Amino acid sequence: MLTFTIDGQTVQAEEGQNLLEVALAHGFDIPTLCYHPSVSAYGACRLCLVEVTQRGRSRITTSCNYPALPGISVVTRNDRIDRLRRLVMELILCRDPGNPQLQAMADRLGVDRTRLRFASRQDGCILCGLCERICRESIGADAISFVGRGHERRLATPFDEPSESCVGCLACAMVCPTQVIEFTQDADTRTIWKRTFTLVKCKECGAVLGTPEELALFQRKTGLDASYFDTCDACRKKQTATAFAAVTWGGQRP
Amino acid sequence: MKRLFITPDRCIGCRACELACSFAHAVALTSPALSRIRVYPVASDRFVPVACLQCEEAACVKVCPTQALVRNPETLAIEVDHTRCVKCMMCTVACPFGNIHLDLRVDQIVKCDVCGGDPACARFCPSLALEWAERPTVGPVPKPEPGRVVLPFLVP
Amino acid sequence: MAPFSSTAELHAYQQALVERRDPDRTVIAVCYGTGCKASGATELIDALKKAVQEAGCSDRVSVMPTGCHGFCEGAPLVVVHPRRILYTKVKPRHAADIVNKTALAGEVIEPLLFVDPDTGNKVVHEGELPFYAHQHRLLLGRHSTTNPEEIDDYLANGGYGAWARILDEQIAPEAIIELIKKSGLRGRGGGGFPAGRKWDSCRNAPGEVHYVICNADEGDPGAFMDESVLEGNPHSVIEGMIIGAYAIGFPHSRTEGYVYIRHEYPLARHRLAIALDQAREKGLLGDNILGSGLSFDITVNRGGGAFVCGESTALMASIEGFPGEPRAKHIHTVVSGLYGMPTNLNNVETWANVPVILNMGVQAYRAIGTEHSKGTKIFSLVGKVNNTGLVEVPMGMTLKDIIFQVGGGIRNGKRFKAVQTGGPSGGCIPASLIDLPVDFDRLDEVGSMMGSGGMIVMDETTCMVEVARYFLNFLRSESCGKCSTCREGIARMYDIVEGITRGEGKPGDVELLEELAEVVREASLCALGTTAPNPVLSTIRYFAEEYRAHIEEKRCPAKQCKALITYRIIEDRCTGCTACAKICPTDAITGVKDQVHLIHQEKCIQCGSCYEVCPVDAISVE
Ligand SMILES: Cc1cc2nc3c(=O)[nH]c(=O)nc-3n(C[C@H](O)[C@H](O)[C@H](O)COP(=O)(O)O)c2cc1C
Ligand code: SF4
Ligand code: FES
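Residue numbers (the numbering used here), protein chains in the order written: chain A, 1 to 254; chain B, 1 to 156; chain C, 1 to 622.
By construction, these hints were calculated from the structure, which means they are not laboratory data. Only a predicted model underlies this, so the values are computations on that prediction, with no experimental measurement involved. Just so you know, not all the hints are guaranteed correct.
Listed below are the simulated DSBU-like cross-link pairs for lysine-lysine, each with C-alpha atoms no more than 35 Å apart in a straight line [claimed, not checked]: (1) K221(A) with K62(B); (2) K329(C) with K62(B); (3) K62(B) with K203(A); (4) K201(A) with K2(B).
This is chain A alone, in the form it adopts within the complex (with noise of 0.2 Å):
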């Protein structure tokens, strides 16, 4: 346990967390765009600003990955931090100034509009990278990685084909701070990063479990038998309830 200061308030924080997660435990509110608690902090879209002093010396630096450290003091408002938050804002914009989850994000920071030249790619993707860390950290399939450099960057699959290593899960575009990674879905199949996957129906009702990929990683990940890839949870809870009136009522005559 270590013990610092966010805006004059003592806090204690583990070893090895970093600001934004102590803040934020605490109800300290910091606007945060590609940060997610289960993954890695990365560090891209610079909202999450705060002033760190350390042994007198003051600093602006982004808090998720930034280290609890004991004695320091953090400020997470004051103008400066506030203006250069909305000046970040205002460049974030331009890459999709119409972007409503955007749109909001500028509101609570009291930025209405943009005056910067509008980037030219305007498809919602702010690269934070939550997509990619999600896809590589949690779910372990590495479907997409960023290319590019500089202006130029983006995120795609490799060499822009649909990706061999995606599972279809479509964990990237839950996370998708702007919603705008897209797939669809019909009766059975599913597309997203223009693969489309043909989809695994429970063996009782007919309902949607998911592709056939994203079992077959889930049953590699779980180790679990295979009788759990085949039927659906709302089935699976019925057979609990004749699993339990055979144990309440013994083998007489439910």
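Chains B and C with the ligands: place on chain A using the hints.
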């Protein structure tokens, strides 16, 4: 430590628990279909309520790639941390009892959380088939007649 | 030959080498650095080798490709030893003469000599070249006499002597660090961090391995200091790194070395690989070097091919096999760097200084330079200066001396306007500060930086807004793209500056640029981002008037921004020679022979060809 005890023998199939649960967890809409506890008829007069058992070595917790399933030390219930969950559905596959679901209507993974320590289902169960207690009531409990049950929260 | 197992064996070998070598042997040294290669040194070397064969004198005359001599203006360069006769702009057709007349008969070939433009005198010997005379070539001085592919050349000149002396005199690792601290050596790769202090922190950081890395990524456009040191004298870097490994990791830890070398430097990589092999053969790398107990070897890593890979954390990520992207370094890399182990990264030039310092002595080294910047610095002097090339000068030499004495002044008699130092994220220093002594701190004070030593000289025809646009364009493509501030910020600053050069500047643009500069500087992760606004800020600081002229008057004072200039024919001067009409690529000029011509503005693309070709200066640019 209190736990949720289920005694199917006492269940009269009134489904008050399902309604109570869906009210307790209502987000935008309420419907028994949203309930985390379900009552299954196994014979014309026999019913089994099924809800999460909060397993000791829970499969859902083990497989979650984002550590979004966490046991609440006070209630012992396993809860979903929606800020961490990425809805990959590994938990729904891994639960051997089918007790954790993706609810498309609220777009969230849902499971029994014992209502934070005072489960609505148990509160409204008229027959002690569901009990939130240190240990379950033993012995026969007189079953109320199904048709005569008055659900407290439906009283005008 | 068996590897040396003690310093005594090394000394004996060196002694034998010196005795065996004929100081008067005839060697034709051909500079094979970047500039000379581009000017045909490869063909020249082949031609010389052939000429030697044809003359049947290969027993007496040898041809030696060397590292960059520095005087790229005269490329390709040839120096004939032992008299050090210097020939410039040599073509393959001169090869036979050089061999037969100079090498064999000792004759000087007059037409190949360099003529000093100031005095009109011909320069015969290398040492008399004014370009070299004002330099202090501690590192580059040996390039024209050393065969970089031959360890014996380095050994015969006392090479590995600094390392041997440490062992002979049993100087403790801590004492070496003290010496480096006292010498005042600061990192030559950009930041100017005191090398001794870095070594000390790294030595004191716990870890089972201590990594010692040489940064040879050199991504600055136009820079080739590190390339030339590695190509010209790779053993000096290796010796520096061995001493570094000893000082940092001996005896408490294991040490491993890496050289991270720029993708586009195949020759430097090749020569370094040869040098490493030769050093291993001689027992100067490997297990228990010279019986010292130190085991150390060096792996060569090919760079990721991006400017940002030169940044310390990106470089380490790249060596580990990850994308070359900077990481947050709230814990310093000297404590947790490569693979989480204590890691000491220094630049090529920094490492090459180490044996030099120990050989000449700390006192003598400290005597060179200014109070807080000691020793020499290599600059790549380019742009509108007469003598372009690599120059090594003492710290603290004024800009004026570098540009006018070493560099020989501005080309074509134009007026000096500014000099850009520090690479793409350095700054522009105006002519009014020409007496500025060049060292780390003074450059910082005026809003520029030392960087790795780029120096681009600009004259009155250079538009400073265009300069800012040029560097922003480089940086917007070379930012790794991770931070929204760096990626979007530089791209948006580029948009604004580019708009200004096209005459689309608006009032308020400069202020908006300053706002953006602040957020890019304050909120970006690595030094690429935090320094990226420098080219804009320094040009705004010193050339605000030029921005104003572009924005308010739609005028480019340097007459460089095409959208803002018009070419016209001065009627009373035009003789109707038709030269302009003939050269115009868009047929924008019409007129009858011997009569006044006319430029049709709607067709003109402002290429300036007519201006160049007009024999009577009848074209004006507004
Ligand atoms: C974008 C960027 C590029 C850099 N490129 C180089 C380079 O090519 N060579 C180099 O020696 N240092 C480069 N540096 C500086 C290194 O990060 C590091 O400070 C240096 O190698 C340390 O060595 P020194 O102390 O000997 O200068 C770069 C820094 C940044 C931010
Ligand atoms: S400042 Fe620029 S180059 Fe450095 S990490 Fe951020 S985006 Fe990459
Ligand atoms: S949340 Fe810290 S940079 Fe995005």
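Quiz item: Is the Cα-Cα distance between K62(B) and K203(A) 35 Å or less?
Solution: 25 Å, holds
Self-check item: Given hint K62(B) paired with K329(C) - CA-CA distance at most 35 Å
Solution: Given that 35 Å is the threshold and the Cα spacing comes to 33 Å, the pair holds.
Quiz item: Does K201(A) pair with K2(B) here, judged by a C-alpha cut-off of 35 Å?
Solution: Violated, at about 38 Å.
Quiz item: Does K62(B) lie within 35 Å of K221(A) when you go C-alpha to C-alpha?
Solution: Measuring from Cα to Cα gives roughly 11 Å; hence the hint holds.
Comparing the model with each numbered hint stated earlier shows that hint 4 is the single one that does not hold.
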